[in-house]
Amino acid sequence: MNLISYIVRRLLLMILVLFGVTLIVFSTMMLLPPGMRVAAYVRSEKVTQEQMDSMIRKYGMNDPAPVQYVRWLGNILQGNFGYSSTAQEPVADAFKQYFPVTLELVLYTVPLIIFVGIWLGTIGAVHKDEPADHATRVFAIVGYSLPTFWLGLLLMMLLYGLLDIFPPGLLGNKLNDLINSPAYHEYTGVLTLDAILNWRWDVFFDALYHLFLPVFNLMLIQSATIMRLTRSSMLESLGQDYIRTALAKGVSRKIIIRRHARRNALLPVVTISGVLFATLMGGAVITETIFNRPGIGLWVARAAVLLDVPAVMFNALFLGVVFVAVNLVVDLIYAYVDPRIRLA
Amino acid sequence: MSDATTFEEHQEVADRPPKKNMHPRLRELLFGLRRFVSNPLSVVGLVIIFFFAVVAIFAPLIAPPKNPANPYMMPHTGWETTPSPPSAAHPLGTLQQQYDILYGIVWGTRSAFAIGVAVVLANLIVGIILGVLAGYFGGAFDEIIMRITDVFFAIPFLIMAMALVVVIGRGLKAVVLVLIILNWPQYTRIIRSEILVIRDREFVQAARASGASHLRIMFQHIIPNSIYSVLILASLSVGVTVLNAAALSFLGLGSDTGYSDWGQMVSTARNWIVGPAGARLAYWYVVFIPGFAIALFVLGWNLLGDAARDVFDPKQRRK
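Quick mapping for you: the protein sequence lines, in order, are chains V and S. Mapping of the first sequence onto the numbering used here: position 245 corresponds to residue 245, and the numbering continues sequentially without gaps. Mapping of the second sequence onto the numbering used here: position 290 corresponds to residue 290, and the numbering continues sequentially without gaps.
Rather than coming from a laboratory, the hints here were simulated on the basis of the structure. Possibly wrong hints are sitting among the right ones.
[What the hints assert, rightly or not] To list a few chain S residues with every Cβ distance to chain V over 10 Å, as calculated: (1) V37; (2) L92; (3) R199; (4) A247; (5) V274; (6) L303.
[What the hints assert, rightly or not] Among chain V residues calculated to face chain S with C-beta under 8 Å, some are: (7) L12; (8) T28; (9) M61; (10) P111; (11) F115; (12) S145; (13) M156; (14) L159; (15) N176; (16) L178; (17) L266; (18) G320.
A virtual CB, placed ideally from N, CA and C, is assigned to each residue, including glycine.
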């Protein structure tokens with residue numbers, strides 16, 4: 001099979017999966033009584049029961065499910081996602097405001113996790129059954145077992161509580177006022193990027209300062225997965241014949257590890273890195289809640305507790321789409337770098 | 001792959017003198033146990049889980065309930081909002097509203113076991129049934145099941161779990177149900193892929209040729225040889241399940257305040273990470289203790305799961 005037909009097949013599968021995701025989100029919503037579902041169309045806080053009933057009729061909340069599904073999907077495709085009572089604005093507007101905060105967190109965290117994971121995983125594989133290997137394995141299994149929220153709270157208690165460093169939030173008070181003033185132009189909503197575009201390095205460094213603890217927290221817990229995968233995959237590739245050939249040829253150990261073994265060992269890591277990106281977009285819920293960062297995670301957490309259904313459903317759908325898209329990209333990269341996949 | 005081992009074992013056993021003629025599965029088990037005990041990390045895991053099991057079993061003796069009809073509600077002495085530090089009356093201190101931490105930890109052990117075991121058992125049952133049917137019969141049923149698992153793999157876990165809990169209605173039961181709904185596809189996929197390999201092996205063909213029924217082939221030949229991979233997944237899942245349940249509880253979607261559930265206990269700790277001036281760590285016990293219980297419990301299961309993989313996975317152990 002050539003690359004083109006592989007891509008076509010993947011795209012068709014993606015459409016099928018996306019359809020499934022919308023179906024699951026819709027079915028979840030249909031478990032709710034009509035009164036709660038109609039909230040997706042309500043645009044203000046003050047609605048009487050009569051208005052509610054007439055809206056239930058108007059929007060056909062008692063129609064057969066397939067009819068409602070088609071209507072719901074139509075609304076979504078037109079960008080009409082309803083009103084979020086926690087954000088007190090339409091879901092689409094709230095999303096535009098919260099999304100960059102989460103994106104920023106994820107963009108700083110993912111490369112760091114991948115780097116640390118690959119680094120420790122390589123150490124573990126190269127020094128198999130030596131103290132360094134045992135140390136990284138213990139690090140991994142402990143990281144695997146710690147609740148994100150607990151580690152976050154402990155870090156906050158010790159660093160912010162006791163030492164008064166690394167405060168929660170996005171920025172210090174003074175700079176917060178500054179970025180909300182007319183003198184400061186918001187280009188993207190990604191704080192560090194906007195800071196550079198505004199040439200305000202004080203904002204840039206303060207934003208980084210506030211990012212440190214959440215990023216560190218996520219890194220400690222999430223790099224375990226990549227580390228374990230790199231280790232086992234490295235061990236496998238170190239046992240291959242071509243490694244022995246390279247050794248016999250007299251290639252240096254360093255080059256064998258870096259160029260021969262690790263390049264091949266990183267193939268499965270590519271897959272998991274994509275998944276990691278998508279998972280963190282949603283998994284930031286806990287971290288954002290603890291470190292008080294107003295991103296989509298904090299928004300969803302609050303929306304879930306306050307039964308703000310449109311916000312929760314929209315984010316489930318959005319992250320599902322991100323997940324599918326990321327997986328497609330990963331599969332394509334994978335097929336490109338590993339011919340065995342597309343030829344299979 | 002696990003069948004290859006047992007197949008060889010069969011032959012080996014057949015070649016041996018009769019005095020060593022132990023049942024091959026029993027011999028496998030002994031071999032596995034020996035490996036298990038030789039790994040210090042596995043033993044640590046076992047000790048941790050054994051400790052929690054003892055605490056869970058003897059909960060009524062360690063922390064006698066004031067109201068035996070509803071032992072999972074933590075007793076609280078007064079409505080004082082500020083937690084009180086460890087004392088003779090409260091060996092581990094109290095949470096806000098004076099809920100006794102020791103009591104919550106002890107009875108929370110039962111909640112944790114219940115959550116982990118209920119979710120993993122249910123997932124094993126659903127996963128094995130669907131995976132075996134899909135893998136063994138193939139065809140349209142297989143295609144449908146696999147596309148459904150594709151969709152489940154594409155939905156963001158935590159957010160979808162939150163959405164489902166919101167819809168079903170908050171509470172620990174809802175959390176358990178949601179974790180079951182969202183986790184079965186992993187099991188189904190793994191056992192299906194094992195079965196695809198085993199389905200066409202010679203010993204299955206032999207059974208088929210000798211007229212064995214589908215049911216007999218499945219239960220006698222296919223399931224015993226493909227089950228190890230899901231058992232490994234199951235043992236590794238208990239910890240993750242408890243972590244996810246705790247995360248949902250932490251976000252306020254689990255049990256009510258006062259219920260002996262570790263995640264719920266940590267959720268109140270957010271108000272107490274900074275103590276008064278001069279004693280900034282004054283409320284450390286509120287933050288540290290319930291979360292430590294979760295971490296230790298999960299660590300124990302993860303160590304056991306790792307050990308199970310080393311013991312059961314022939315690819316790992318014959319090296």
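To see whether the hints hold, each was checked on the structure:
no., hint, result
1, V37, "holds (18 Å)"
2, L92, "holds (16 Å)"
3, R199, "holds (19 Å)"
4, A247, "violated (6 Å)"
5, V274, "violated (4 Å)"
6, L303, "violated (7 Å)"
7, L12, "violated (11 Å)"
8, T28, "holds (5 Å)"
9, M61, "violated (15 Å)"
10, P111, "violated (21 Å)"
11, F115, "violated (24 Å)"
12, S145, "holds (4 Å)"
13, M156, "holds (5 Å)"
14, L159, "violated (10 Å)"
15, N176, "violated (20 Å)"
16, L178, "violated (26 Å)"
17, L266, "violated (21 Å)"
18, G320, "holds (5 Å)"
Hint compliance for this structure: hints 4, 5, 6, 7, 9, 10, 11, 14, 15, 16, 17 are broken, all remaining hints hold.
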